[in-house]
Amino acid sequence: MPSQLSSRALLLAGALACVSAVPAWAQAAAPADAAPDTSGTGSDEDIVVTGSRIARPDFEAPNPIVSFDSQRIQQSGNTNVTTFLQRVPALTTSLDNADSAGPNRPDNQLYGAAGLNLLSLRGLGSARTLVLVNGRRHVSGQIDSAAVDINSLPTDLIERVDVLTGGASAVYGADGVSGVVNFILKRDFDGVAGRTQFGISEQGDAGNRFASLMAGKNFGGGRGNVTAYYEYNADDPLQNDDRSVLRRRNRLYTVSNPAYAGPGSGTYQQVLAGDLRYPGGSPAGVIDIGGTLYNGDGSLYDPGTDAGGGFASGGSATSVAGYVGDLLPKTERHAVNLLTHYDFSDAFQLSLEGKFVQSTATTFGGFTGNYTGDFTLDNPYLPINLRDAALANAQRVISSNRNNTDFPRLGESDRRRTWRGVIAATGAVSDHARYDVSYTYGQTDVRITKLNDRWEDRYYAGLDVVTDPSTGRPTCRSNLNPAAVQVPTVSFTPGPNSGCLPINTFGVNVTDPAALAWATNNNVSSARVTQSVASAALTGDFGALFALPGGPVKFALGGEYRRETSRFDPNSFLTGEQWYQYDEGNKFDPTFVISPSRGAFDVWEVFGEIDVPLLRDRPFFETLSVGAAGRYSDYSTIGSTKAYQFNGVWAPVRDISFRGSYSQAVRAPNIGELFAPVGPATNFFSDPCYVENRNAGTSSRAANCATLINGLGADPAAFTAANNPDAAVLINGSRSGNPGLKEETARTWTAGTVLRPRFLPGLTISADWYDIRLDDAISIADANTIANLCVDQPTLDNVYCAAIRRRQGTGYINGYTVQPQNVARYATAGLDLNISYVLRTASAGTFDIRFVGGYLNKLEQIATPGAQVEDQVDQFNRPKYNFVFSPTWSLGEVTLSYNLRWFDATRRFAKLTTDNNPDYAPAALLRYKELWQHDVQVQVAPDQGVGFYVGVNNLANQRPSVDSIDQPISSLGRYFYAGAKVRFGA
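In terms of this note's numbering, the sequence shown opens at residue -10 and continues consecutively.
If you're looking for bench data, these hints aren't it; they were derived computationally from the structure. From a predicted model like this one, the values you see are computed outputs, not experimental measurements. Careful, some of the hints might be misleading.
As the list claims (entries may be wrong) - DSS-like mimics (lysine-lysine), calculated; alpha carbons at most 27 Å apart, straight line:
#, residue 1, residue 2
1, K869, K847
2, K731, K900
3, K847, K918
4, K918, K900
5, K869, K918
6, K900, K847
7, K631, K731
8, K175, K206
9, K869, K900
With the hints as extra help, turn the sequences into a complete structure.
Written as structure tokens, this is what we have:
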């Protein structure tokens, strides 16, 4: 550990040395060239910064903010804003296109998730990250949620992005318990600007095409402006098989070691294995005849060798890698924005914002999976040797366990259309007060197309094949005998005109595509999310009445009304029996029911904020101010909530300031958590009240179980799994939202310092510590955990027991309800370091150096009461140390940009799993390797006219660690791009 810490310290010191090297060289070599620069001293002009409605000098802002301007985004080569923001230490857990590809589902959303880009601050999730545009809320892109789809924001219209740590509910309302990300759009653009960019990976795939055009005009002597913007962005898909190391037998996995010989044996419980297969099935089907296993094409089945963990290596079984879907989805986006404003007078300025965005994302997951089919011996597709073997063993029916790898893959194509409009009026009431009123409406419509879903009744009808006596060709048995169907038919009428086509599954790639087309369909569902926000605020100061030694007391107060709705209307295919799976008795299984959902809430809010400048321009008190903010909210769903913040800034001299804040923030449960419809569920239970399980819980379990079982008229001493006739049976239950949820509450404190030394103009250094504790967090426990929690509490009077139903007379579980509950807790703490240095010289150009680093000291989750603390520091996408170092040099029309993104090696396995278990895995497997991503760009572009740029991301072509597709970096590899820019006007 000491060597690891010292290496990290050296790495950090090296990066910081690079920041300081340029100013030292510039001062020593050419001090006369240094152009006057005051950017490092802060602005004396009062401005409104993210985290407050009160205008003040940015030097006196009490909240820690990290900002990135449009130039940084363009220099990164990323046309996806989320991918750019993932390099920010606070946003590493955000979800971009790759996180919705294939089987991935952001926030476990089963429908409408393809192409979603969601920001997650501090690893606390997108639901706890508030996204604003120009300081105002934006409609969600996610069904049943308030999470904003960042793909709906205009890349080149962004002026800057502010990332604020800590609870901001007192200023902006609920949801920002981990912080706020505010996108500030360009204003007063005058001229024409355009950009186009093309990118492709080193392997010739994953292409990207981007184009934007912006035109703006000032008018009315500078009092008004109108700006129009259009953007096009498209990405080609990337599939698992596009990378050789991930292809079938080449891919490595970590599995249980079948040769593990116990502690101290020199062997490990986990090892790497290749060419993994799922035993028992194959792409051609596995058929058991008299104990001999055959492939569906008639050849003998090779089971391979035991690879551990229930897997085989080699042989005839289906490759595990074959189940993996796309690495990147296919996307296309069109966006139109219109912004205008006009200052009629100091008392009335009107502004309008309008946008329309259409984005489409298509991705494919795995194939349709394991399906067992029963076949009679008169099936003409059955190989002759298998028919003969079956007859010799007196088998009249054979079963085939087939993995349908040659069928069309399951997929989803989602089209989102987002509309948003803002009308706002601002103006001066007096020399000491201004008003700001606005109305915002947003709507997202989602068309969800599930690709290649299977009609169960048609599929099984197509599998039952006989020879048509009139033609001598294979046909569906139900075409000749309508009563001969394996499952109830709901999507077609059996008979000669049914359209049924025979399906051949005895082999690979032997099925008629027309037959598969008849048995599958693309079903379309729809969803809509809306948001309406009316807001009014009055800001100003009490300077007309009194002033403190530090200046007039400033204030902001106002009110807001917000209404949000969400609905999901599944296709009739998903709500009817034709989609559902059938058990071995060909009975309808309602577990797969997809129900429509509806939900809405509204909230009335009042808020206030005050800034009290106690001292200014005094010895040791260049600035001393304290402030507070508060908000009272009344929800139609959860009732009233309160949020508040206290903050302060002290600058003993102008070169250094200290800042801190303490806040209580809230997150109201979203529509899905509250109103998700009731749906069926099933679960196997290992009852905690079985005699054999009573000592496995808390000290309360045994007594609670005795009380519970006695109360139901059963004998606790005889309450065992052996006596339960349903011990090995799936128990039917239900899942739904929970209207009884309350708000989550976060308490956050931050403390930091900002250095802007006058002796080194252009340098700004900030370091801020944050500490967030989230209580009553909403979580969904699984059914077994609910049963355990019921009897592990001090008494039986709890929400968990209310969710478990038991049979009177026997006491055994016969039903349950799974709902979200306010039962989890989170805690996180760490340090943010932000260094910015801009040096402008007369002959050597401009050096713009940026370092943003993070130290994650704590990230803990307690999923349910009594559960073990889950330490998430050092886990997937949650490195303990990480930074991004971005120096840029410009001289005339030439700009050279470099970006280094680094983060520490992270654990491959959970900390609780590997601690105190030296035999768990070899040292080389315990961690994913460090991330070292090098990006470079060269740009030649005048202020006016046409310019060009080229760049390479992941210059060193770093690859993921073994057995990973995206840790510590994606499988994309080295990526090239080139672009052109044009600008005329201001």
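So, going through the hints one by one against the coordinates:
1. The straight-line distance between the Cα atoms of K869 and K847 is roughly 9 Å, inside the 27 Å bound, and the hint therefore holds.
2. The suggested pairing of K731 with K900 is violated, with an alpha-carbon distance near 32 Å, which exceeds 27 Å.
3. At most 27 Å may separate the alpha-carbon atoms for a hinted pair to count; K847 and K918 meet this at roughly 21 Å.
4. Proximity of K918 to K900 is assessed by CA-CA distance (about 16 Å); at most 27 Å being required, the pair is judged to hold.
5. Taking the CA atoms of K869 and K918, the gap is about 13 Å. The hint holds against a cut of 27 Å.
6. As the CA atoms of K900 and K847 are separated by approximately 13 Å, the hinted pair is consistent with the 27 Å bound.
7. With a C-alpha separation of about 12 Å, the suggested pair K631 and K731 falls inside the 27 Å cut-off, and the hint holds.
8. Among the hinted pairs, K175 with K206 is consistent with the structure: their alpha-carbon atoms are about 13 Å apart, no more than 27 Å.
9. A threshold of 27 Å between alpha carbons decides the hint, and for K869 with K900 the separation of about 13 Å falls inside it, so the pair holds.
Of the numbered hints listed earlier, the single one contradicted by the structure is hint 2.
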